[in-house]
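Residue numbers (my numbering), protein chains in the order written: chain D, 1 to 482; chain W, 1 to 482.
Since the hints were made in silico from the structure, they are not lab data.
There's no promise every hint is true.
One copy or any two copies: either way a pair holds, since identical chains are not told apart in the list.
Subject to a maximum C-alpha distance of 25 angstroms in a straight line, what follows is the list of computed BS3-like cross-link-like pairs (lysine-lysine) [stated by the list, open to error]:
{"#": "1", "residue 1": "K108", "residue 2": "K37"}
{"#": "2", "residue 1": "K67", "residue 2": "K246"}
{"#": "3", "residue 1": "K480", "residue 2": "K67"}
{"#": "4", "residue 1": "K27", "residue 2": "K67"}
{"#": "5", "residue 1": "K148", "residue 2": "K108"}
{"#": "6", "residue 1": "K313", "residue 2": "K82"}
{"#": "7", "residue 1": "K335", "residue 2": "K82"}
{"#": "8", "residue 1": "K67", "residue 2": "K335"}
Number of protein chains: 2
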Amino acid sequence: MAENEFVQEIADIKSDFPQWYTDVVLKTEMADYGPVKGTMVMRPYGYAVWENIQSEMDRRIKATGAKNTYFPIFIPYSFLAKEADHVEGFAPEVAVVTYAGGEELSEKLVVRPTSETIICNMFAKWVQSYRDLPMMINQWCNVVRWEKTTRPFLRTSEFLWQEGHTLHATPEEAEEETLRMLEVYREFSENVLAIPMFVGRKSEKEKFAGADATYSIEAMMQDGKSLQAGTSHNLGQNFSKAFNIKFLDKDGTHKFCYQTSWGTSTRLMGALIMVHGDQRGLVLPPKVAPYQVVIVPIAAKKAGVMEWVTKAKQTLEAAGIRVYLDDRDQTPGWKFNEWEMKGVPLRIEFGPKDLENNNLTMFRRDKNEKFTAPISSDLPAQISSILTEIQQYMLEKARAFRDSHIRVCYNHEDLVNAVNEGNFVKAMWCGDRECEEKLKSDTAITTRNMPADQTPFSDTCACCGKKLDKGEGKVIYFAKAY
Amino acid sequence: MAENEFVQEIADIKSDFPQWYTDVVLKTEMADYGPVKGTMVMRPYGYAVWENIQSEMDRRIKATGAKNTYFPIFIPYSFLAKEADHVEGFAPEVAVVTYAGGEELSEKLVVRPTSETIICNMFAKWVQSYRDLPMMINQWCNVVRWEKTTRPFLRTSEFLWQEGHTLHATPEEAEEETLRMLEVYREFSENVLAIPMFVGRKSEKEKFAGADATYSIEAMMQDGKSLQAGTSHNLGQNFSKAFNIKFLDKDGTHKFCYQTSWGTSTRLMGALIMVHGDQRGLVLPPKVAPYQVVIVPIAAKKAGVMEWVTKAKQTLEAAGIRVYLDDRDQTPGWKFNEWEMKGVPLRIEFGPKDLENNNLTMFRRDKNEKFTAPISSDLPAQISSILTEIQQYMLEKARAFRDSHIRVCYNHEDLVNAVNEGNFVKAMWCGDRECEEKLKSDTAITTRNMPADQTPFSDTCACCGKKLDKGEGKVIYFAKAY
Numbered sequence: 001m002a003e004n005e006f007v008q009e010i011a012d013i014k015s016d017f018p019q020w021y022t023d024v025v026l027k028t029e030m031a032d033y034g035p036v037k038g039t040m041v042m043r044p045y046g047y048a049v050w051e052n053i054q055s056e057m058d059r060r061i062k063a064t065g066a067k068n069t070y071f072p073i074f075i076p077y078s079f080l081a082k083e084a085d086h087v088e089g090f091a092p093e094v095a096v097v098t099y100a101g102g103e104e105l106s107e108k109l110v111v112r113p114t115s116e117t118i119i120c121n122m123f124a125k126w127v128q129s130y131r132d133l134p135m136m137i138n139q140w141c142n143v144v145r146w147e148k149t150t151r152p153f154l155r156t157s158e159f160l161w162q163e164g165h166t167l168h169a170t171p172e173e174a175e176e177e178t179l180r181m182l183e184v185y186r187e188f189s190e191n192v193l194a195i196p197m198f199v200g201r202k203s204e205k206e207k208f209a210g211a212d213a214t215y216s217i218e219a220m221m222q223d224g225k226s227l228q229a230g231t232s233h234n235l236g237q238n239f240s241k242a243f244n245i246k247f248l249d250k251d252g253t254h255k256f257c258y259q260t261s262w263g264t265s266t267r268l269m270g271a272l273i274m275v276h277g278d279q280r281g282l283v284l285p286p287k288v289a290p291y292q293v294v295i296v297p298i299a300a301k302k303a304g305v306m307e308w309v310t311k312a313k314q315t316l317e318a319a320g321i322r323v324y325l326d327d328r329d330q331t332p333g334w335k336f337n338e339w340e341m342k343g344v345p346l347r348i349e350f351g352p353k354d355l356e357n358n359n360l361t362m363f364r365r366d367k368n369e370k371f372t373a374p375i376s377s378d379l380p381a382q383i384s385s386i387l388t389e390i391q392q393y394m395l396e397k398a399r400a401f402r403d404s405h406i407r408v409c410y411n412h413e414d415l416v417n418a419v420n421e422g423n424f425v426k427a428m429w430c431g432d433r434e435c436e437e438k439l440k441s442d443t444a445i446t447t448r449n450m451p452a453d454q455t456p457f458s459d460t461c462a463c464c465g466k467k468l469d470k471g472e473g474k475v476i477y478f479a480k481a482y
Numbered sequence: 001m002a003e004n005e006f007v008q009e010i011a012d013i014k015s016d017f018p019q020w021y022t023d024v025v026l027k028t029e030m031a032d033y034g035p036v037k038g039t040m041v042m043r044p045y046g047y048a049v050w051e052n053i054q055s056e057m058d059r060r061i062k063a064t065g066a067k068n069t070y071f072p073i074f075i076p077y078s079f080l081a082k083e084a085d086h087v088e089g090f091a092p093e094v095a096v097v098t099y100a101g102g103e104e105l106s107e108k109l110v111v112r113p114t115s116e117t118i119i120c121n122m123f124a125k126w127v128q129s130y131r132d133l134p135m136m137i138n139q140w141c142n143v144v145r146w147e148k149t150t151r152p153f154l155r156t157s158e159f160l161w162q163e164g165h166t167l168h169a170t171p172e173e174a175e176e177e178t179l180r181m182l183e184v185y186r187e188f189s190e191n192v193l194a195i196p197m198f199v200g201r202k203s204e205k206e207k208f209a210g211a212d213a214t215y216s217i218e219a220m221m222q223d224g225k226s227l228q229a230g231t232s233h234n235l236g237q238n239f240s241k242a243f244n245i246k247f248l249d250k251d252g253t254h255k256f257c258y259q260t261s262w263g264t265s266t267r268l269m270g271a272l273i274m275v276h277g278d279q280r281g282l283v284l285p286p287k288v289a290p291y292q293v294v295i296v297p298i299a300a301k302k303a304g305v306m307e308w309v310t311k312a313k314q315t316l317e318a319a320g321i322r323v324y325l326d327d328r329d330q331t332p333g334w335k336f337n338e339w340e341m342k343g344v345p346l347r348i349e350f351g352p353k354d355l356e357n358n359n360l361t362m363f364r365r366d367k368n369e370k371f372t373a374p375i376s377s378d379l380p381a382q383i384s385s386i387l388t389e390i391q392q393y394m395l396e397k398a399r400a401f402r403d404s405h406i407r408v409c410y411n412h413e414d415l416v417n418a419v420n421e422g423n424f425v426k427a428m429w430c431g432d433r434e435c436e437e438k439l440k441s442d443t444a445i446t447t448r449n450m451p452a453d454q455t456p457f458s459d460t461c462a463c464c465g466k467k468l469d470k471g472e473g474k475v476i477y478f479a480k481a482y
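Here chain D stands alone, though its shape is the one from the complex (with noise of 0.2 angstroms):
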């Protein structure tokens, strides 16, 4: 294989994101198609990174009291139905056992489109009295939701996430719980994926079914589409009480529990690509990537060239860095082309001249900057050091393209133009739901979400032109969205 054949086959990025996607999600083996429409395969490349993803993410999880479960994936149909606004948002697309063991099934099971009811109907079970609460669970698991237009990692038929339950005693303890792992959300993002997020308020429109609101963290990808990554729901009372979830309080009167949930999913991959990505493929985050730091020898067959490496991949694994020691009989040139698209993070060159002059010869995958520098007495501490700053400039550098790419508009033109140029548009907003349908049906643009700063600073929706009173519009971001 010629050295950039790899690089060859992937889509120009600028003039075709689309494919550019799809070409680094197959060809860095990330992820493949299943045999049955809409389902993907993780691959061992991309299970890496979620497997790293799942542990900076449940540690954080444990980090607020709540503890991991597991629930069956069969929820009985009656279910789903309980809770009005619940069925009608998720009956459409389930996907449903009708027989099983040979016979017809008395009860349709739907295979969980997200957990809500059958949790719920083990938490009455469980609630007696306000000592039991707040009751905090989690759990990992795969989910099903049967959707027309599927793409790896971004919308399939079943993909993987955490969902988060809790139950609370008052209203104030279900919000602050649900603001709580936003932050948390967010928080991860940034410091573990090297992801600025919009945070905020969904409308009443976007919001999960059977919530009484709903808050979520978007990212911008590279052509400006937003990508929603989490979410985080206070549902209010709208289960506890469809489900009869009642604790009797200190003052001895039985009240039905207030309750949140809050989930991210395998779509973060899709942030992670479509975020930092560039013309080669991949580019990782140290945090999350399979492996931090790729050594490639050079002139493997010279003395002491072999020795070092060896010796240098067990000192950097001793110290808990992720190294692969590349001594595959390939060419330098077409490891570092293969280990480029698959997005290392750091790259060490080893030869003859580096063991004689002391050197390591480096590659940063975030710049795509060649380096030399003196082999320092603790190696761990150089490379971990190089490795910090990599996760860093990731960060500022998706902070920077999200802030060139944010509009301020006050009339529809202005708005539609400046989101169809690739950029998220921050405007004040009537908050009608025609207005927003209207926009959607019109340019498929939407809202994605109202930042807690509600500082007013015009008096027309700037997407209907509609005069608002005093404390009428509110402050909302507008995009294209996957």
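Given the coordinates of chain D, assemble chain W onto it according to the supplied hints.
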């Protein structure tokens, strides 16, 4: 709640082992029944044990070179039918999705009972050359097998497991891999779960649907019954021929791959409970216990007590020991009972007298023994050392129980009597399927597995009395099984 109320609620382990098991599972909050028949909810305490199992097992699997992946849960019905034995074995117990997204599906989808077929479908696409071999993958996922009679952890319609799948160039390598994983399972069971295993090959009747050979690890429960706790299959070329998985060998010809698969599941949780538990409830090995140590302050309001226990907790946690400081508003006796029922390996009771005497009062759950020791200047080392002793003692105890419940038998009557008295029977067996089937239908006794050491010790089949020619008989274990 009275101090012994917990324990009084657990059925007698000697006279009603099945009810004892159910009581322990439910009362310790390891699991609860799901709303759909045959399903189970893994609650936080049970799931935490499973997470420890996963973490230890995953590390071992990765050390063999296998990498984690994720394949879709839905398998086209036609895939199942490609391997004749496989479809015969699994078709009666699959759950089937017939409509999704509001439409009848043109091809019905099987909810995976195991993933050989869908993985083979992808392997056929991924494998080209001998350079791609061995290909070794694993996945942690849920599987569904519709069962008539179910019990939490032992047999549930849905369960969690890991399934490994590997491809090799030669039959020797496939057999080597099959046995390597069997050994990983044995070592894991002994060193992590503290359960000694019967390791061997299954009979033709009992092997996996589609395998050339199946090997298992089997554990002896306290009622003398066997629990098959893990299996490793040599699939030969059965699936590679059905799915056309070929590679170009070094000699320039295309050949079908040789294949293995191997798995362990949440059944391991059932084994843990039934091997180690006692009348008070769970007894958990330190390596998988959610809390390895619980600290119960005595006379917590006396000066210095809370200070000491809080500091001890921090010191132990910093050393990686899983510890719970129980400062809830309950009596010490109530707490002792709860944590004994939940099987926490070591309890530290700490009060003013301990502070005064610089002593630790401790309780070992494995021996149900209280003891005291001077507080070491290196508390984590002191506690770790006790935990190691507990882990060791639990294995020895289980091994002694097992060894004292093995009988060597030479005829049918002795065999049946010995098994009915709660033993495993080691015997010479003719190997005929009819012999095995008759025994099972008459007595519910089954063949478990054939150990590696096949030195014959009789020339008669202990089951049917048939005379065995030289080299014809098999050394095998008989037992009743879960």
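At most 25 angstroms between CA atoms: does that hold for K67 and K246 within a copy, between copies, both, or neither? within (21 angstroms within a copy, 45 angstroms between copies)
Quick one: K108 to K37, C-alpha cut-off 25 angstroms, is that within a copy, between copies, both, or neither? For K108 and K37, both the intra-copy (23 angstroms) and inter-copy (12 angstroms) Cα distances are at most 25 angstroms.
Up to 25 angstroms between alpha-carbons, please classify K27 paired with K67: within, between, both or neither. between (37 angstroms within a copy, 18 angstroms between copies)
Check K148 against K108 for me: Cα-Cα at most 25 angstroms, and say if that holds within a copy, between copies, both or neither. both (22 angstroms within a copy, 18 angstroms between copies)
Quick one: K480 to K67, C-alpha cut-off 25 angstroms, is that within a copy, between copies, both, or neither? neither (36 angstroms within a copy, 37 angstroms between copies)
25 angstroms Cα threshold - placement of K82 relative to K313: neither (57 angstroms within a copy, 45 angstroms between copies)
If the cut is 25 angstroms between Cα atoms, do K335 and K82 qualify within a copy, between copies, both or neither? neither (56 angstroms within a copy, 39 angstroms between copies)
25 angstroms Cα cut-off: does K67 pair with K335 within a copy, between copies, both or neither? Between copies, since 21 angstroms is at most 25 angstroms while 43 angstroms is not.
The earlier numbered hints that this structure contradicts are 3, 6 and 7.
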